[in-house]
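Colleague: Take a look at the letters that make up each chain.
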Amino acid sequence: MNKKNINLLLLFFLSLLIIACDSKQSTTNNRIVIGISADVQTFSSLFAFSYEESAIADLLYPGLLDFRWNSERGELDPYPMIVQSWRWSEDSSYIKFYLRDDIFWSDGIKLTSEDVVFSYDVFSDPDVQSRLLGTFNQLYSDSDGHIDIEKAFKVISPNEFEIHFVENSVADLVKLSIPIIPEHIYSEISRDQIANSEINFNPVSSGPFKLKKWNRNQTITLEADSNSFLFTSGQAAELIFKVVPDYTSRILQLRKGDIDFVELVKVEDIEDLKAEDKLSVISIVGREYDYIGWNNIDPESFSQGKIIPNKFFGSNNVRKALTMSIDRKAIHNEYLLGQGELAVSPVSRIFKLAFNMEVKPYEYDPEEAKKLLAQDGWKDEDRNGILEKGNEEFKFKMYYPVGNPLREYASVVIKNNLKSVGIEVSIEKMELGTFIDNLYDRKLNSWMAAWGVPIPLELKPFWYSDPNIGMLNFACYGNSEVDKILNQLNKRINNERKNELVKQFQVIIHQDEPVSFLYWTPNIIAYNKRIKNLNITPYGVLVHCWEWTLNE
Amino acid sequence: MNRVLRSQFVKTIFIRLLSSLLTLFLLVSFLFFIIRLSPGDPTDKYVSAKLGSELSERIAEKFSLNQPVADQYFAFVSNIFKGDLGVSYNYRLSVFEVIWEYFSFTLIFASISFIIQISLSILLAIRVVRKQNKRIEQISTNLSLFVYSIPAFVLGVTLIYIFSVHLNLLPISGLKSLDHDELSFFPRIFDQLYHLILPLITLSVGGVALFYKYIKESMDEIKNHTFVANLRATGLDENLILRKHILPNAIRPLISVAGVELGIILGGTLITEVIFSLPGMGRLAIDSILSRDYPLVIGCVFTAGTVMIFANFLADLAKLKIDKRMIKGILN
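These protein sequences, in sequence, are chains A and B. Following the numbering used here, the numbering of the first sequence begins with 1 at its first residue and continues without gaps. Following the numbering used here, the numbering of the second sequence begins with 1 at its first residue and continues without gaps.
One or more of the hints may lead you astray.
Among chain A residues calculated to face chain B with C-beta under 10 Å, some are [stated by the list, open to error]:
| no. | residue |
| --- | --- |
| 1 | ASN29 |
| 2 | ASN30 |
| 3 | PHE47 |
| 4 | VAL170 |
| 5 | ASP172 |
| 6 | LEU173 |
| 7 | ALA195 |
| 8 | GLN218 |
| 9 | SER249 |
| 10 | LEU252 |
| 11 | LYS306 |
Chain A stretches covered by chain B per the calculated footprint, using a threshold of three residues with CB under 8 Å from any CB of chain B [unchecked claim]:
| no. | region |
| --- | --- |
| 12 | 205-217 |
| 13 | 231-245 |
| 14 | 417-428 |
Straight-line C-alpha distance at most 20 Å; calculated DMTMM-like pairs for lysine to aspartate or glutamate [stated by the list, open to error]:
| no. | chain 1 | residue 1 | chain 2 | residue 2 |
| --- | --- | --- | --- | --- |
| 15 | A | LYS498 | A | GLU458 |
| 16 | A | LYS213 | A | ASP172 |
| 17 | A | LYS151 | A | GLU167 |
| 18 | A | LYS151 | A | ASP77 |
| 19 | A | LYS212 | B | ASP220 |
| 20 | A | LYS266 | A | GLU408 |
| 21 | A | LYS212 | B | ASP237 |
| 22 | A | LYS213 | B | ASP179 |
| 23 | A | LYS320 | A | GLU458 |
| 24 | A | LYS389 | A | ASP376 |
| 25 | A | LYS154 | A | ASP172 |
| 26 | A | LYS397 | A | GLU408 |
| 27 | A | LYS320 | A | ASP380 |
| 28 | A | LYS212 | A | GLU238 |
| 29 | A | LYS419 | A | GLU388 |
| 30 | A | LYS320 | A | GLU368 |
| 31 | A | LYS175 | B | ASP179 |
| 32 | A | LYS256 | B | ASP179 |
| 33 | A | LYS529 | A | GLU271 |
| 34 | A | LYS213 | A | GLU52 |
| 35 | B | LYS244 | B | ASP220 |
| 36 | A | LYS395 | A | GLU358 |
| 37 | A | LYS278 | A | GLU263 |
| 38 | A | LYS320 | A | GLU271 |
| 39 | A | LYS213 | B | GLU101 |
| 40 | B | LYS176 | A | GLU223 |
Source of the hints: derived by calculation from the structure; they are not laboratory data. Keep in mind that this is a model prediction, so the values were computed, not measured. Even glycine gets a Cβ: it sits at the ideal position worked out from N, Cα and C.
Put together the whole structure using the sequences plus the hints.
Modeller: Here is the structure:
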């Protein structure tokens, strides 16, 4: 290579270095960079299906009310958001809301009661197919779920309106508080075309941040909207969501300072990240648990419309024995390094007043498990190491979806644990879509998966015996006592009674052990210490992030 | 090229183009049935547990998924003839619009990498052949094999670790810095190049090693042909023989491989895109498969198939340009 070429090459690298030095200043600015694994496909609150989409949409479109996690009671407390106050009618049949007078859309138009009513109309319209379609059963609606606006709303003035509830329904403020969208923008678009509209990418918002720019699959930049009623002088000037699909790369960027905030950190990285002076690590327990599903009924008979108890898992003695045979503590300690905790029921400890402390997890006890199995007729009479009942050997397949290292690790432990009590399990991985299809069709005998627990707590879709109501009751668990409790929970009762019922529910579930509850997995968050005033609760990580401030 | 040969050439090229289109059509048709027959439902994410079956059906209707597969196929075929690949379920935009956004990046990124791969491998091969040093040749051959066998994710992460984390010289990921839009024109270009250095190295290193091996072996073989000895005997300069006579002959086998390689990288470079968070076709294709965005999956395969056919066609034309004797081969 001649001298001229070498000089040119040096010049090129020098230019790059200058840019490198320049770009390093970016993180010192008044901005927070949040690492996310996938890009969004919309900014519309109507179609914000993914976690990232709903986190961003919530910042752009505040709802009627604000909710804050009360960690002492384990409940959400309502606070004013776009309404400054509200008043229940004496018979609790309606609520009168008083809107704030200082809310403007990012295009300068004032937000009024008409926007609120219009938002309910659009969110519930089947032609729009919003993410909340079918969830407005507390309001007067048509058979297709579309809210009857005439009956459900009464607009008194631009700042006052009433919402009327269906007789005897339970008015749930959390469900009621939907994000409000601008009528003057959306009314111009035909309802069935809203999903394909340009507005989904250029939102006119009313939140503390507004969209500044979107580089697809790279960054989403929100800037503080100084005209917003939620704007505070201390909030970050920009909130940047940086799309980094590779986990290792996200962590490296966090350590380097290119990213300020990362969720779902792996437990094995906690110590290394804690050792970094500039980083803080928080572990939140409680909204997702892993479990092994045992189909309580026979899948083949179910496909023919008959309900027959499952030959292996139909008895609660057997299911209890299966739980006792699995060393959940070992998996929890070795893989999760003690983060999170063992699960006893689908009710998390975070719901403090509803959580039943007296229900304790089954201990790992293979001998007791063998006794329970023997009581149910499962004995190894031919001494081949596998239990049998009549001509049936205790052998089955357990499925789990691909791509989860924790379940991969746990499956090996579970297989060995069950082998030691005389049960032979073959482990099969399944593609996620196929796995979900099979669960909905109740085709699987046994599987390993996880459930996220909604806030406020909701149990009926997961544990009600009628499959049309308990659509997510994949284990086909049925107990009339539990059904009765779940029905009562959907009635107008006070919180104390509600908590009492949830405690009773946990006792019955623990006795029946419809599935083997494994452990609550933690959400570990790591962030740069320059971010202050974070209030991270089980309710959400990015909610109220406009209250975050930055160290100079 | 005489007139008869030329008309036959044009005719054959035309037939070849037609057969390529037919291949492409068969490919997307096959894919259409495979993904519709595979388990999983693209409407899953829209269906809440509280939604009744009637509403679920309405959602399926909106996506035309409640029609028989055969009807869906005929609609799909008629749309293809109208040049319409449909609307992406996830992006709610036309498939062409979505693909163009990602393909434009892949086109630039893959083209730069391809140019680097070809030029660097030729330069290296010429250097090594010119040296005529057995030891260097052996080391370079072994080194090329070693480099070729390094998986892209290992190389990418290693490069990030050295140049981004330890030396703090280059960015870890992304296509531009956060302040990119505030830069003037030339710094913007430099900013993007600066972000592309590590991804380009990761993507190109394997190709350089592969092409180097092809050219080197081919040059070694041609070097010993009698026509080269004759040229030497006429007293021609060794460099001239190498550049004008050995290299054009040696490059022929490379062109076919290069055509395939170009097609592959234009179709998407998934691992490099994921490690460095680049918005390319590979990530788009995988995301669309995982979310069962049928129109987009077909669009991605259609694009990858088209570029593969086009790249091979280009390779044939390049071969022709280098060696006219090959017209017959192509016509056959």
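Colleague: Evaluate each hint against the coordinates.
Modeller: Structure-based check of each hint:
Taking 10 Å as the C-beta contact cut-off toward chain B, the hint placing ASN29 (chain A) at the interface holds, the least distance being around 8 Å. Against a cut-off of 10 Å between C-beta atoms, the interface hint on ASN30 (chain A) is violated, since the closest Cβ of chain B lies about 12 Å away. A least Cβ separation of about 8 Å between PHE47 (chain A) and chain B falls short of the 10 Å threshold, and the interface hint therefore holds. Of the supplied interface hints, the one on VAL170 (chain A) is violated, with its beta-carbon coming no nearer than about 14 Å to a beta-carbon of chain B, more than 10 Å.
Here the hint on ASP172 (chain A) is broken, as its CB sits about 12 Å from the closest CB of chain B, past 10 Å. The criterion of a C-beta within 10 Å of any C-beta in chain B is not met by LEU173 (chain A), whose closest approach is roughly 17 Å, and the hint is violated. Because the closest C-beta pair between ALA195 (chain A) and chain B is about 5 Å apart, less than 10 Å, the hint holds. Given hint, GLN218 (chain A) at the interface with chain B, holds; its Cβ is 6 Å from that chain's nearest Cβ, closer than 10 Å.
Against a cut-off of 10 Å between C-beta atoms, the interface hint on SER249 (chain A) holds, since the closest Cβ of chain B lies about 5 Å away. Of the supplied interface hints, the one on LEU252 (chain A) holds, with its beta-carbon coming within about 6 Å of a beta-carbon of chain B, less than 10 Å. Interface restraint check: LYS306 (chain A) against chain B, minimum CB-CB distance 21 Å, threshold 10 Å, status violated. Beta-carbon proximity to chain B at under 8 Å applies to 4 residues in the region 205-217 of chain A; the threshold of 3 is reached and the given coverage holds.
For a cut-off of 8 Å, the count of residues in the region 231-245 of chain A with a CB near a CB of chain B stands at 5, and the three-residue condition holds. For the region 417-428 of chain A, the stated coverage by chain B is violated: 0 residues have a C-beta nearer than 8 Å to a C-beta of that chain, whereas at least 3 were required. Among the hinted pairs, LYS498 (chain A) with GLU458 (chain A) is consistent with the structure: their alpha-carbon atoms are about 12 Å apart, no more than 20 Å. Taking the CA atoms of LYS213 (chain A) and ASP172 (chain A), the gap is about 36 Å. The hint is violated against a cut of 20 Å.
Taken as a hint, the LYS151 (chain A) and GLU167 (chain A) pair is honoured in the structure, with Cα atoms around 12 Å apart against an allowance of 20 Å. Proximity of LYS151 (chain A) to ASP77 (chain A) is assessed by CA-CA distance (about 28 Å); at most 20 Å being required, the pair is judged violated. For the suggested pair LYS212 (chain A) and ASP220 (chain B), the alpha carbons sit about 58 Å apart, so the restraint of at most 20 Å is broken. As the CA atoms of LYS266 (chain A) and GLU408 (chain A) are separated by approximately 15 Å, the hinted pair is consistent with the 20 Å bound.
Among the hinted pairs, LYS212 (chain A) with ASP237 (chain B) is inconsistent with the structure: their alpha-carbon atoms are about 63 Å apart, more than 20 Å. For the given pair, LYS213 (chain A) sits about 12 Å from ASP179 (chain B) by alpha-carbon distance, which is consistent with the 20 Å threshold. Distance restraint check for LYS320 (chain A) and GLU458 (chain A): the Cα-Cα separation of roughly 24 Å exceeds the 20 Å cut-off, and the hinted pair is therefore not satisfied. At most 20 Å may separate the alpha-carbon atoms for a hinted pair to count; LYS389 (chain A) and ASP376 (chain A) meet this at roughly 9 Å.
At most 20 Å may separate the alpha-carbon atoms for a hinted pair to count; LYS154 (chain A) and ASP172 (chain A) meet this at roughly 19 Å. Of the supplied pair hints, the one linking LYS397 (chain A) and GLU408 (chain A) holds, its CA atoms being roughly 15 Å apart against a limit of 20 Å. For the proposed pair LYS320 (chain A) and ASP380 (chain A), the alpha carbon gap of about 19 Å is at most 20 Å, so the pair holds. At roughly 9 Å between alpha-carbon atoms, LYS212 (chain A) and GLU238 (chain A) fall within 20 Å of each other, so this suggested pair holds.
Among the hinted pairs, LYS419 (chain A) with GLU388 (chain A) is consistent with the structure: their alpha-carbon atoms are about 13 Å apart, no more than 20 Å. Of the supplied pair hints, the one linking LYS320 (chain A) and GLU368 (chain A) holds, its CA atoms being roughly 10 Å apart against a limit of 20 Å. Straight-line distance between C-alpha atoms of LYS175 (chain A) and ASP179 (chain B) comes to about 40 Å, which puts the hinted pair past the 20 Å bound. Distance restraint check for LYS256 (chain A) and ASP179 (chain B): the Cα-Cα separation of roughly 18 Å lies within the 20 Å cut-off, and the hinted pair is therefore satisfied.
The straight-line distance between the Cα atoms of LYS529 (chain A) and GLU271 (chain A) is roughly 16 Å, inside the 20 Å bound, and the hint therefore holds. A distance of roughly 16 Å separates the Cα atoms of LYS213 (chain A) and GLU52 (chain A); the hinted pair therefore holds under the 20 Å criterion. A distance of roughly 15 Å separates the Cα atoms of LYS244 (chain B) and ASP220 (chain B); the hinted pair therefore holds under the 20 Å criterion. Note on LYS395 (chain A) and GLU358 (chain A): the hinted pairing is violated, with a Cα-Cα distance of about 34 Å set against a maximum of 20 Å.
Restraint check: the Cα-Cα separation between LYS278 (chain A) and GLU263 (chain A) comes to about 16 Å, which is no more than 20 Å; the hinted pair holds. At roughly 36 Å between alpha-carbon atoms, LYS320 (chain A) and GLU271 (chain A) are farther apart than 20 Å, so this suggested pair is violated. A threshold of 20 Å between alpha carbons decides the hint, and for LYS213 (chain A) with GLU101 (chain B) the separation of about 16 Å falls inside it, so the pair holds. Proximity of LYS176 (chain B) to GLU223 (chain A) is assessed by CA-CA distance (about 19 Å); at most 20 Å being required, the pair is judged to hold.
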